[in-house]
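Chemist: Letter by letter, the chains look like this.
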Amino acid sequence: MTTTEYALRTDGLGKRYRRTWALRDCTLSVPTGRVIALVGPNGAGKSTLLRLVVGLLAPTSGTVEVLGQSPAANTPQVLSRIGFLAQEHPLYKHFTVADLLHMGRSCNLRFDQGLAERRLAQLDIPLDRKAGALSGGQQAQVALALALAKRPDLLVLDEPMASLDPVARLEFLQALMGAVAADGMTVLFSSHVVPELERVCDHLIVLNHSRVTLAGDIETLLAEHRLLVGPRTTADLDKAGTVVEASHSDRHTTLLVRDGGGPTAPGWQANPIGLEDLVLAYLRRPTRHDVEAPAFSEVPA
Amino acid sequence: MFVFRIDNRSGVPPYLQLVQQVRQAVLLGFLRQGDRLPLIREVAETLAINPNTVAKAYRQLEQEDLVTGRPGQGTFVNEAPTAGMSAATYTSLRRGLETWLNRAHAAGLDEQAVNALFTAVVNRAKNENIA
Amino acid sequence: MTWLAWRQHRAEVFTLSLLVAAIGLFLLVAGSSMRSLFPDGAAACAGGLTDGSDACSTAIRRLNEEHGYASKMLSLLNLVPFLIGAFLGAPLVARELEAGTWQFAWTQAVPRMRWLAVKLGALGALTATLAVALTASITWYRQPLDVLNSRFTTDAFDLEGLVPAGYALFAFAAATAAGAVLRRSLPALAVALGAYLAVRVVVAGWLRPNVQAPRSIMERVAADDATLDAGGSRISTGDRADWIIASGYADPSGRHLSVYEAVEMDVAARAAGVDFSAYMHERGIQQWVLYHPADRFWMFQLIEAAIFVGLAAALLALVVWRIKRRVF
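Protein chains in written order, with this note's numbering: chain A, 1 to 301; chain B, 1 to 131; chain C, 1 to 328.
One thing to keep in mind: the hints can contain errors.
[Unchecked claim] According to the in silico footprint, chain A covers these stretches of chain B (three or more CB under 8 Å from chain A): (1) 4 to 15; (2) 51 to 63.
[Said to hold, decoys possible] Each computed EDC-like pair below joins lysine to aspartate or glutamate, with the alpha-carbon atoms no more than 20 Å apart: (3) A:Lys-93 to C:Glu-12; (4) B:Lys-56 to A:Asp-183; (5) A:Lys-130 to C:Glu-261.
[As the list claims (entries may be wrong)] Calculated Cβ distances over 10 Å to all of chain C for the following chain A residues: (6) Asp-99; (7) Asp-128; (8) Leu-134; (9) Gly-267; (10) Ile-273; (11) Ala-281.
Rather than coming from a laboratory, the hints here were simulated on the basis of the structure. Remember, it's a predicted structure, so these values are computed and weren't measured experimentally. Just so it is clear, CB atoms sit at the ideal spot from N, CA and C, and this is done for glycine as well.
Can you build the whole structure from these sequences, using the hints too?
Modeler: Set out below in C-alpha cells:
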C-alpha cells in the first residue's frame with residue numbers, strides 16, 4: 001500500500017520529440033493531498049510532464065506512476081481517477097453545456113452530474129448555452145466542473161488561468177480551492193506566474209530547460225534556503241556545495257544557500273527568502289551544470 | 001462571521017497571517033468566546049487559498065488554545081486568554097498610547113521612526129526578561 | 001461514448017442522409033418516367049434499335065432524347081461516395097486535433113483505443129450504409145438502361161453493385177488518415193479528394209480491364225458484311241452485355257492492323273470499285289475483339305471492392321497506429 005501514498009511518482013522520466021528532449025531525467029515523488037505548482041518558463045516542458053501524467057503521452061524513457069498505477073496503460077480505471085484541464089480549457093464549442101454534461105456521463109465510470117449542475121448554477125452558467133458562446137472564464141469554469149464531476153483523486157491543470165482576466169482568475173481559484181477543501185483531492189497545476197502561488201500551493205516543482213531543478217514542500221524548501229549577506233568576496237564559497245546563487249555588488253556578496261539553517265560565519269547576516277525569489281533564483285540558474293554543481297554568476301548590483 | 005484577509009506582498013506566510021488575524025481579533029474583542037470561525041472550506045473558497053493552509057492555521061490556533069475544533073460542528077473561539085484585561089484597562093492603555101503617539105508626532109517622528117522606536121523598546125524589554 | 005460520437009457527427013449524418021435521400025427521390029421520379037417508355041419492360045427491347053419492334057425503336061429513341069442527360073448525371077454521382085466517406089472521415093480525428101479537444105476527449109474514462117474503435121466503427125458503418133442506399137436507388141433507376149446496355153460501362157459498373165460502398169469506405173479512410181496526419185479537416189478533405197480521384201482513375205483505367213485475361217475472338221471478314229466499317233471493327237461477341245475492351249482488323253497471320261492500314265484498304269477497294277468487305281475477305285483479313293463476358297460482372301465487382309476496402313483498411317491501420325503511439 002506504500003505506493004498509493006504517492007499521488008505521483010516518476011523515475012528517470014523523459015520524453016523526446018524527434019531529436020529534442022522536452023523532458024528528461026525527471027524523478028519526483030509527490031504525496032497525496034497536496035496542491036502542487038509546476039513552475040517554469042514557457043517551453044520548459046511543463047505541458048509535456050502533465051500530459052505524461054494524465055496518459056496523453058507515453059514516456060520515451062523512465063516510468064510514471066499516478067496513485068500507484070501507470071497512466072500510460074490508459075485503462076478506464078486509471079483514467080477515471082485523473083481529471084485533466086488542458087491549456088485553454090478546450091471544449092466542444094458547438095455543444096451546449098447540457099450536452100457536455102451528457103458527454104461526461106456517457107464517457108465516465110463515475111460522474112457526479114448533480115455536483116456539476118450545482119457548481120454551474122452557483123456561477124449562473126445556463127445549461128442551454130453553447131460552450132462557444134460563453135466567456136473565457138465561464139468556459140474554464142465549465143471545464144473545471146466537468147473535471148471535478150469525475151470525482152478524481154488527482155486533478156491536473158495546464159496553465160488553467162493563463163487566458164483569464166483577473167476577476168475570472170480569482171473566481172476560478174475560488175472554485176478550485178473550494179473543491180479541494182470539499183473533496184481533498186491532489187491538485188497538480190502548471191503556471192509561469194509565481195506571485196499567486198504561495199496562497200494556493202503547498203508543494204513546488206520547478207522545471208527549467210526540460211529538467212527538474214527544485215522540488216519539495218514549500219514550507220520545507222523555504223526553511224532550507226536562506227540569503228546570506230556579507231562582505232564582498234569572490235573566493236570559492238561553495239565548498240559544501242550549498243550555494244544556489246551568488247551575486248556581488250561593490251561591497252557585498254549575497255548568497256542564496258540551501259544549508260538548512262545553522263550558524264552563520266562572522267560578519268555575515270542571514271535572512272529568510274520568499275517563495276518568489278527562491279523560484280526566480282532557480283529559474284536563473286544556468287542549465288548545464290545545475291545538477292552537478294551550482295555555478296556563480298556575476299550580477300551587477 | 002469573521003472575515004480573513006490575505007496580503008500577498010506582506011512576506012508573512014499565509015497561514016501565519018490567518019493566525020495573527022485571529023489572535024488580534026481575540027485580543028481586540030472582535031472575536032468572543034463561543035464565536036464560530038468560518039469553515040475551512042469557506043475560507044479556502046472566499047480567499048482562493050489552499051485549504052491545507054487554513055487547516056494549518058486552525059491547528060496552530062488550537063495549539064495556542066485560542067480556539068477549539070469540534071468535529072462536525074466547526075471551530076470555536078475559547079475564553080479569551082486576556083481575561084485579566086478588563087475593558088477599562090484596555091481603554092486606558094490605548095489612551096496612553098495615543099497620547100504618546102501624539103507627542104511623537106509633535107516631535108517630528110514619522111510612522112517609520114515610530115515603529116522603529118516601538119520595536120526597539122519591545123525587543124529590549126524581551127531581552128531583559130530573558131536575561 | 002456512442003452518444004458522444006452521435007452528438008459530434010449528427011450534423012454530417014443529417015446532411016449526408018438528406019443528400020442521399022434527395023438523390024434517391026430524384027432518381028425515383030426520373031426512373032419512373034424512364035420505365036413508362038417500356039410498358040412491357042425494357043427486356044422486350046433488349047434486341048436494340050435495329051432488330052426490335054417499332055414500339056421498341058420509338059421507346060429507345062425517346063430514351064436517348066429524353067434521358068440523354070443520364071450519362072452526365074451519373075458520372076457526377078461518382079462523387080457522392082467520396083462526399084459520404086470524406087465528410088464523415090475528415091473531421092473524425094482532425095477536428096479534435098484542430099481544437100485541442102483531443103486532450104479533453106482522451107482524458108475521460110474511455111481509453112483512446114476504444115474511442116477510436118467506436119468512432120471508426122460507427123462512422124465506417126454509416127458510410128457503408130449510405131453508400132449502399134445510394135447504390136440501391138441508382139441500380140433501380142438504371143434497370144432499363146442495364147437491360148439495354150452492358151453493365152460494364154463506367155456509368156453502370158462504378159455506380160452499382162459492391163464498388164460504391166468500397167469507394168466510400170476508401171474515401172472515409174483516406175480522409176481520416178489525412179486528418180490524423182495533417183491535423184486539419186479542410187486540407188485533409190482536399191488530400192482525400194486527390195487520392196480518391198487518382199486511385200479510381202488508375203483502377204478503372206488500368207487495373208479493371210486486366211483483372212482477368214480478356215477473351216478474344218478472331219474470324220475472317222465475311223464477303224458480304226454491309227456493316228463493315230474502315231474506321232473500326234464492329235464484330236459482335238454475341239452478347240450486348242459483354243464488355244468490349246478493344247477490337248480491330250488483323251492480317252491472315254494475325255498481326256493487328258492499324259486504323260491507317262484499314263483506311264488505306266478502304267481507299268484501295270473504292271479505287272478498284274470493289275465492295276470493302278469483299279476486298280477484305282479476298283485478302284484473308286480477319287476481325288478480332290477482346291472482351292470480358294457479361295457474367296464476369298460480379299467477380300469484377302468483388303475484386304474491385306476488395307481492393308478499395310483493403311486500401312481503406314491499410315489507411316485505418318495507419319490511423320490506429322498513430323493514435324496508439326501518442327505522437328500528438
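Chemist: Look at each hint and say if it fits the structure.
Modeler: Right, here's what the structure says about each hint:
1. Here's how the segment 4 to 15 of chain B fares: 5 of its residues keep a CB closer than 8 Å to some CB of chain A, so the rule of at least three is met and the hint holds.
2. For the segment 51 to 63 of chain B, the stated coverage by chain A holds: 4 residues have a C-beta nearer than 8 Å to a C-beta of that chain, and at least 3 were required.
3. Our distance criterion of 20 Å between C-alpha atoms is met by Lys-93 (chain A) and Glu-12 (chain C), whose separation comes to about 16 Å.
4. Proposed proximity of Lys-56 (chain B) and Asp-183 (chain A) is supported: the alpha carbons are some 17 Å apart, at most 20 Å.
5. For a cut-off of 20 Å, the pair hint linking Lys-130 (chain A) to Glu-261 (chain C) is broken: about 74 Å separates their Cα positions.
6. A Cβ of chain C approaches the Cβ of Asp-99 (chain A) within 10 Å, the least distance being about 6 Å, so the stated non-interface status is violated.
7. With a least CB separation of 15 Å from chain C, Asp-128 (chain A) remains clear of the 10 Å interface cut-off, as annotated.
8. Residue-level check passed: Leu-134 (chain A) sits 15 Å from the nearest beta carbon of chain C, beyond 10 Å.
9. For Gly-267 (chain A), the non-interface assignment is confirmed: its Cβ lies about 55 Å from the closest Cβ of chain C, beyond the 10 Å cut-off.
10. At roughly 36 Å from the closest C-beta of chain C, the C-beta of Ile-273 (chain A) stays outside 10 Å, upholding its exclusion from the interface.
11. Listed as outside the interface, Ala-281 (chain A) is consistent with that label: its C-beta sits roughly 33 Å from the nearest C-beta of chain C, beyond the 10 Å cut-off.
Taken one by one, the earlier hints fail for this structure at numbers 5, 6, listed in ascending order.
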